[in-house]
Amino acid sequence: MRTFYFLLGLMTLSAGAINAQLVFPTEIELPEGFAPTQVLMPGSPLDLQVLFIGGVDLVQTTPTYGNPAGVAVAKEWHDFIGFTPDDTGETMGWVTVNHESIYNDDRIGDGGGMTAFRVERDPITGLLNVVDQELSDGREGKFFNVDFVNTVGETGMNCGGISSVVDGRIWTAEEWFRGDNSAINNGVFSNNNALGAGPYGIGSSSNQGVRDTSEFTIDSPDFPAFDGMTIPKYQNFNWMVEIDPREATAIRKQYNWGRQGFEGGAITPDNKYVYLGVDATPGFWLRFVADTPGDFTQGDLQVYKHDADNKWISIGENDPEKLLNLSAEAVAVGATMYNRNEWVTVDPNTGDIYWTETGRDEPAGSWNDEAAAGAVFAPHHLARAIEQGVTGPDAEDYKDYYGRVLKYDAITEEVSVAIEGGPFFEVSPLEADYPEKHLSNPDGLSFMEIDGQSFLIICEDLNGDDHGRMPFENDNANGGLGNRLCELFLLDLSIEDAVVDDLIRITAVPLGAEITGAVVTPDGKSLLVNSQHPSGINPFPYNHSLTFAIHGFDELLVSNLTGPNGVPSETFSAYPNPTLQTVFLNDRQDVALYSQLGQRLRVYRNVSQIDVSQLAAGIYYLQNENGETIEIVKE
Amino acid sequence: MRGIIIFTITTSICYLSLLLPFGMSTEQSSANRGRSELEAARLAVIGDFKVGLDKLSREIELYQQVAATEQVAQLRQQHAATREAFKRVEWLLEYIDPTAVKRFINGAPLPKTEPHVPAIVIIEPSGLQRLDELVWEEEPDFAAVRKMLNKLQREYADLQLYARNRRLQHRQLFEALRLEVVRIFTLGVSGFDTPASGLAMTENLATLLAIDHVYDYYAESVEEQDAILHRRIVTALRRGEELLSGADFNTFNRLTFLTEVINPLTSGLVDAQELLEVEFSAAARNPVNPRAKLLFGADWLNADVYAKLPLSDYEAARVELGRLLFFDPILSTNNQRACASCHLPEKAFTDGSARSLALDREGTILRNSPTLINSVFAEKFFYDLREERLDRQIKHVVHDSLEFATDFIEIVEKLSQSEEYVALFRAAYPENPDYMLSRYSVSDALGRFVKSLRAHNSPFDRMARGEAAADSEVAAGFNLFMGKAACGTCHFAPTFSGLVPPYFRESESEVLGVPATKVWENAQIDSDLGRLTNSKPGDEAYFHAFSFKTPTVRNAALTAPYMHNGVYAELEEVMDFYNRGGGAGIGSFVDHQTLPPDALELDTEEIGSLITFMEALTDTSGLTKTPIHLPEFSVAEWNGRRIGGEY
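Sequences listed follow chains X and W, in order. Residue numbering for the first sequence follows the working numbering, starting at 1311 and increasing by one per position. Residue numbering for the second sequence follows the working numbering, starting at 639 and increasing by one per position.
Don't take every hint at face value.
Result set (BS3-like, lysine-lysine): computed pairs, CA atoms no more than 30 Å apart in a straight line [said to hold, decoys possible]:
| hint | chain 1 | residue 1 | chain 2 | residue 2 |
| --- | --- | --- | --- | --- |
| 1 | W | LYS1033 | X | LYS1543 |
| 2 | X | LYS1452 | W | LYS740 |
| 3 | W | LYS1174 | X | LYS1543 |
| 4 | W | LYS1052 | X | LYS1452 |
| 5 | W | LYS740 | W | LYS693 |
With beta-carbon atoms standing in for the labels, derived distance ranges [to be verified]:
| hint | chain 1 | residue 1 | chain 2 | residue 2 | range |
| --- | --- | --- | --- | --- | --- |
| 6 | X | ASP1811 | W | ALA865 | 25 to 33 Å |
| 7 | X | LEU1358 | W | ALA682 | 28 to 36 Å |
| 8 | X | GLU1339 | W | GLU861 | 26 to 34 Å |
| 9 | X | GLU1337 | W | ASN1095 | 58 to 66 Å |
| 10 | W | ARG802 | X | ALA1618 | 54 to 62 Å |
| 11 | X | LEU1358 | W | GLY1001 | 41 to 49 Å |
| 12 | W | ARG929 | X | GLY1661 | 36 to 44 Å |
| 13 | X | ASP1397 | W | GLU1284 | 55 to 63 Å |
| 14 | W | ASN888 | X | LEU1358 | 53 to 61 Å |
| 15 | W | LYS750 | X | GLY1436 | 25 to 33 Å |
| 16 | X | LEU1437 | W | ARG929 | 39 to 47 Å |
| 17 | X | ALA1683 | W | ALA682 | 53 to 61 Å |
| 18 | W | PRO1071 | X | ILE1721 | 41 to 49 Å |
Note that these hints are calculated values from the structure, not bench results. Yeah, the Cβ is synthetic: ideal placement off N, Cα and C, and Gly gets one too.
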């Protein structure tokens, strides 16, 4: 026995001193009557309900392209979700879902699109029911295609949007800025085909974009400057477009807000300002100021310039030439440049505006010309460039791998960084917290209250998997095929100077699903989210683009969303958090998970918490490097 | 680590009562000693890796200095030295950040589009492979070399910082080693990443020595528990070093290298990992099965990961339903064409036509019908790489006016008029009654059937696994394929398709300059723009014009005619085309041709060997089963449909 004591001591010592990595036996024997500490992990108080499956569910269509009204398989690539509360009290309200695509469809219409449906809360189950509707155009059913073709013209790449916190008015944003007709058609190429090949159709009805590329005449009496104007078809794309979710039809393309690769926006609680996110490098920070609150057909379009005395510079709304060439106008006034602005959201309690700046790895080539022409870099980019030891954001080796969330304070008119993405090990997260904590390329953004406290909902959409964006420590990071994991985080807005370590990861989403569009229901019970292009290896229907609800947020306390408080304990112990489906450990260490029969299931290295959301219910054993064991019962 | 640092001998003893019942008893004290040996090995490997990283950093600096002096000979010498330093750390650096290495350090010298941005931005190639081309030009452009080196230096500094601070585990070291073994064979000995210098064999030796060096640290632990395994690994390493020392690129025997070096190493490393009780990564989402032992084994690639179809308790029922649907012309608008119309089992699921007949019986569809056997092993599907999911290929066929010319609403309506079909769908998709018979289930069943079409037991596979004696003609052909004829630098082993090793997660396309008609001079390039027109906005870059997915060479003996337009009827013609440098050799050249434009200078005998090798890749066993009956419908005129379609 003496030898054993000695060796064991040696082992634990070296384990401590040099971050040792021991090997866990593939099998452990469980003696009769052995009673380790038992930790109970109840099921998550949050549960999932699928509402709308893209590419499978059928939508009701209007007469389109000479086809009669009928049904079609819904488009996919779900992105933004709008929620319009039902003032009549009859139901809860209307849900609208963007389809971020450009492909043709004889019944839905070419380009992207939107689907609308109406939901009520089932008084018994608490679930959401999609209710049957009859619209005034005679369509009947559950899911309705929003008619763009017969109203305002096709839309494309419907990405983010606006779901007004005031009254639930909905706008869809047409992202992916298009520069000519061939770029909306995908069938006739002349754009950057250096070979100058002529018209070419591939003979397939499913693989082309917008087929009608004849000139478009604008019919929009709300905007006299545009009404009756004839423009190339592609210029009728890349606007914010208001729709009516109740009738599943489009109202107007918001020509007076200018033409950009819009990704998202938000309306302030006073119903006067619209803040707009543009996904481009440079992306400008735009807003529209309504002359009369709630009437967004008249007012002033402005662009932000942080270093000017008057930070908002008017572009005007009556000059189509300027609004069609908005980027050039922004450059001309020396506006502030950002690196791919995405979604915008408003904290209705404070009026603060937040938006995601998703980042682009090497932005220099994309904004140097504009910088030379007078546009200015956002101050945080200048600061980052200094930190990186390069000459400026226009330096070839200036990097912006991770992106961030920005905050605009409407009172001071200042923009600050709400949370910087990373791993930037010098700053955040703490090296010890990586890889559990990391934030890369935030994209979708929304606001919700839990337990009376304000939270941002941040959705990742990774630009790449290098430089730690997909932590290689993750079992599946390497050699994975489509294994990119985009995560859904909550950020408590009461935290000052938030860093990545403060993020709360919500695991109640299907594995591998890319989450977007998060919006909370008016009763605070449910978060509606889209899974945009999930990995096919999820079980049906989670292998399709879909809209689902996570129920149960109204019952959560803020304390349900955090790990154990206090200093790490020396005793091997585990703290279950059912909401996060995470077992927190007494300290960072190596542990192995064993089945009830003592078979090693998985080894976790250097972890302070374990995600057990994917484990089946049952009994498990967790063993640490000293051979100490805890029994985990997952319900 | 705070809590653990405080642990002392005394506290450990206090825990003894707790520890004893579990996993640690006195008889395991030797295991404990084994563990501290293992730990020493891990730390030594990591220490060496960091030294290697610093060495590479210095070599890049030296390279910059030499580039400033404009001495060609020294430049090339320093290029080789830098590459060699890279090869010493490649195994782990690639593992830690494969994307960054590919992007900045040692990626293929071809332009790419910037990923995941709402615009087309073309990124010019940089890194060591591009430098390999630059410094081996007759008169190197020193300014360009210096510029590229500056970029390399900056990017490497970033990567080095990231890489040296990772916490590396035994598991990761073993996985990285195995990847490197595969990399040597699939890329290294084909000269993949030394396009101009021809330094491949020297570098492969450096790489193998790096592996040897790492194994050496673990050797004692392995030997103690399994001396035979240890000997197997060491013997393979020595044999490999012997074969690679002074090896000639053209005469190097790659099949011998595979069976005597690579196979014992890939299997030996897995065995050692198991022996040492080092954990494996979760298999479910990795393209390469972490426990697979042989590159040419049926279990090397994980078909489920490629198919992107969830595991199902109803797999068999779904595959059988998929088979029925595959042969049933009810899916097409005129009830006369089935998937099998253009994918005949006896022709390895191709149809023998240059381009398949169109639905109207008059024209043809756009491209040649590709084999479906092993087609699951791809990142993207179709010649133009337009579809990412196997179960969605069918969508394109369904909607295409030249193929099925229908839609899923019509198909589902039709199928629901067959009680027999409804029962089959109910049995195969009981979990979601609302979607039991829907676009989803129809696509899923067909996808699973195509996934099931896999074959890994051709005569060559058996030779490659060492189960059959090597046939000298086949071996000669294989050697040419992987060497002088440079086929294997695009048709990568073991799938012999564009699925890029060692991660096997990307499908490549290539611009060859395939002519519109079979002429050997002043040829016109086929006007099909390929990948450029796949309607994926991210692929709208000039270098994707005329670019087509690199298909598998497996079963080539059955899949004539060849190329995306079926222009060549015989394998001899295909070889002739490549032997002339593709389009560059016959007049149908475009500037962005990715196939090297040089003639291969293969003689008739060599071409014969190559074809013999390709013919040894035939295997359709067990895959040609055709249903004997199609389900009955309540609509009388639909019964009597011909199995596999009328035409």
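Comparing the hints with the structure gives:
Restraint check for LYS1033 (chain W) and LYS1543 (chain X): satisfied, since their Cα atoms lie roughly 28 Å apart, inside the 30 Å limit. The straight-line distance between the Cα atoms of LYS1452 (chain X) and LYS740 (chain W) is roughly 48 Å, outside the 30 Å bound, and the hint therefore fails. Taking the CA atoms of LYS1174 (chain W) and LYS1543 (chain X), the gap is about 20 Å. The hint holds against a cut of 30 Å. Proposed proximity of LYS1052 (chain W) and LYS1452 (chain X) is supported: the alpha carbons are some 23 Å apart, at most 30 Å.
Of the supplied pair hints, the one linking LYS740 (chain W) and LYS693 (chain W) holds, its CA atoms being roughly 20 Å apart against a limit of 30 Å. Under the hint 25 to 33 Å, the C-beta atoms of ASP1811 (chain X) and ALA865 (chain W), about 49 Å apart, miss the expected range. Checking the proposed 28 to 36 Å range against LEU1358 (chain X) and ALA682 (chain W) shows it is violated: the Cβ atoms sit about 48 Å from each other. Checked against the hint of 26 to 34 Å, the C-beta distance between GLU1339 (chain X) and GLU861 (chain W) comes to roughly 27 Å, which is consistent with it.
Between GLU1337 (chain X) and ASN1095 (chain W) the C-beta distance comes to about 34 Å, which lies outside the given range of 58 to 66 Å. In this structure the supplied range 54 to 62 Å is violated for ARG802 (chain W) paired with ALA1618 (chain X), their Cβ-Cβ distance being about 45 Å. Separated by about 48 Å at the C-beta atoms, LEU1358 (chain X) and GLY1001 (chain W) satisfy the suggested range of 41 to 49 Å. Remark: the range hint 36 to 44 Å for ARG929 (chain W) to GLY1661 (chain X) is contradicted by a beta-carbon distance near 57 Å.
A hinted range of 55 to 63 Å holds for the C-beta pair ASP1397 (chain X) and GLU1284 (chain W), which are about 59 Å apart. For ASN888 (chain W) paired with LEU1358 (chain X), a C-beta distance near 60 Å keeps the hint of 53 to 61 Å intact. For the pair LYS750 (chain W) and GLY1436 (chain X), the supplied restraint of 25 to 33 Å is violated, since their beta-carbon distance comes to about 49 Å. In this structure the hint that LEU1437 (chain X) and ARG929 (chain W) lie 39 to 47 Å apart at CB holds, the actual value being about 42 Å.
Restraint check, ALA1683 (chain X) to ALA682 (chain W): a C-beta distance of roughly 56 Å satisfies the suggested window 53 to 61 Å. In this structure the hint that PRO1071 (chain W) and ILE1721 (chain X) lie 41 to 49 Å apart at CB is violated, the actual value being about 55 Å.
Comparing the model with each earlier hint shows violations of hints 2, 6, 7, 9, 10, 12, 15, 18; every other hint is respected.
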